[in-house]
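2 protein chains.
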Amino acid sequence: MKRILLTIAYDGTNYSGWQKQLSPEVKTVEGELEKALRALFRSPNLICIGASRTDRGVHALGQRATIDVETNIPVEKIPLAVRSLLPSDIVVVKAEEVPADFHPRYDCIKKTYEYRIWNGPMRNPKERLYTTFVYSPLDLEKMNKAASNFIGTYDFAAFCAAGSTVSSTVRSIFDCYVKSEGNVISIYVTGDGFLYNMVRIMAGTLIAVGQDKVSPDEILQIILSGNREKAGITAEPQGLTLQEIYYDLHGKAVDSEG
Amino acid sequence: MKRILLTIAYDGTNYSGWQKQLSPEVKTVEGELEKALRALFRSPNLICIGASRTDRGVHALGQRATIDVETNIPVEKIPLAVRSLLPSDIVVVKAEEVPADFHPRYDCIKKTYEYRIWNGPMRNPKERLYTTFVYSPLDLEKMNKAASNFIGTYDFAAFCAAGSTVSSTVRSIFDCYVKSEGNVISIYVTGDGFLYNMVRIMAGTLIAVGQDKVSPDEILQIILSGNREKAGITAEPQGLTLQEIYYDLHGKAVDSEG
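Protein chains in written order, with UniProt numbering: chain P, 1 to 258; chain Z, 1 to 258.
So that you can see chain P by itself, here it is in the shape it has in the complex (with noise of 0.2 angstroms):
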């Protein structure tokens, strides 16, 4: 039996999110893998343990799931294999194994988003389902203002949504900023976990910092408030792509050879 680790890139547009849910009829991202990886490994029990559970409507470039199976296909041969066997908008980018006690949950050491904004007088069509629409002007400058300091460990329950049943809302954001380019601006943060809508909650936030409803100074004072009520909305799922999820791969393999 091996355990692989697999890196999955997909278009969340036409799913209701990443998480497979009990009713066949809701279109998850995680079913479809699951039914296609069934279909080539022929094993109707395989089950993928995921990395991040995605909102609907929020994209990946790299999700991550693992799955133990008995094959001979060769583990790099997999992302091709399972093509033709998956919808076009979901793709099986690598697949590597990994020792036997890897959980792409517990073993993840930080976690890359991007939320990007298309700002201009008019919205653009090839970009509705990848951005958030935003006409007025943004404050690039205040916004990564802003964006620095999130930076910290904080209990950042201000930016987690309601009925969120976390034990601790306390996370550590190593890096966010934001960056423009044509009519895209595009906030990139890393952080070791985000809690429920965290990253939208933010980017509604560093939207309305843009905007000059929110100065770049408040942010400390509304993380500290702990008060949802105090940051911005929820910013739209389209324009959130989980983009890389990091493990220390290297060190997990010697130490289950230890």
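Just so you know, these hints were derived from the structure itself, not from any lab. Don't take each hint at face value.
From chain P, some residues computed to sit far from chain Z (all C-beta separations above 10 angstroms) [stated by the list, open to error]: (1) 9; (2) 99; (3) 128; (4) 149; (5) 157; (6) 221; (7) 232; (8) 241; (9) 244.
Here are some of the chain P residues that sit facing chain Z, going by a computed Cβ distance under 10 angstroms [said to hold, decoys possible]: (10) 11; (11) 59; (12) 60; (13) 74; (14) 77; (15) 79; (16) 85; (17) 88; (18) 100; (19) 102; (20) 105; (21) 134; (22) 220.
Here's a subset of chain Z near chain P, in silico, CB distances under 8 angstroms, partners left out [stated by the list, open to error]: (23) 1; (24) 10; (25) 79; (26) 81; (27) 90; (28) 122; (29) 123; (30) 124; (31) 125; (32) 126; (33) 128; (34) 130; (35) 140; (36) 141.
Beta carbons are placed, not taken as given, at the ideal position from N, Cα and C, and that holds for glycine.
Assemble chain Z onto chain P, guided by the hints.
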């Protein structure tokens, strides 16, 4: 009665091309646009005259069309006024009044198309609707050399889909070059007009050059042969976007006053 020139952006994915079809079940960009404008202006006989007949799956950021209307809506407000009547994949970007004898097709000076290629080992699902996927690494330098060989006035019969009934296949290409950014390779081509599938056949030929199947120096021979079979394949529609259509609106306005 005012003649109004509209600039239209659309994602062509869900349409059978620009041009309205006799069958109302066939969804086209022109058909949807006309429906929205007829509702806005309460003018059931309003017709659009488009500048370019883009194909099924082809996109536009700068399509143009004229309408003739009696209206009290200020011309510059039309894009916003029609927005809620249009599906989200069609956007009227701009509206401007033009002289009564202006024609979007006959008065066109030149057009620019972009053809986008996703060149990398694995598909990117977020780019699948807006690029063609080429696995093997393309030689950008050779593609650029080949692209420059398209510039000039030639009989482009070798770059025209069979079955076309135009009276002349002579066209002038003013500019043609290739640029890359990350995994995306873009071909830009500007000319006074294009034959049926011409840009997509040029793109297919430039991809063959990038794959070392055709040498840059062969471009001129292929053009001069007039033989469609000597050129490359017709590249997929989703990589193509009509970027811009150029008019000498100032000169035209002066003419109409003279």
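Q) Hint numbers the structure violates, sorted upward? A) 1, 3, 8, 13, 14, 16, 18, 19, 20, 21, 22, 23, 26, 35, 36
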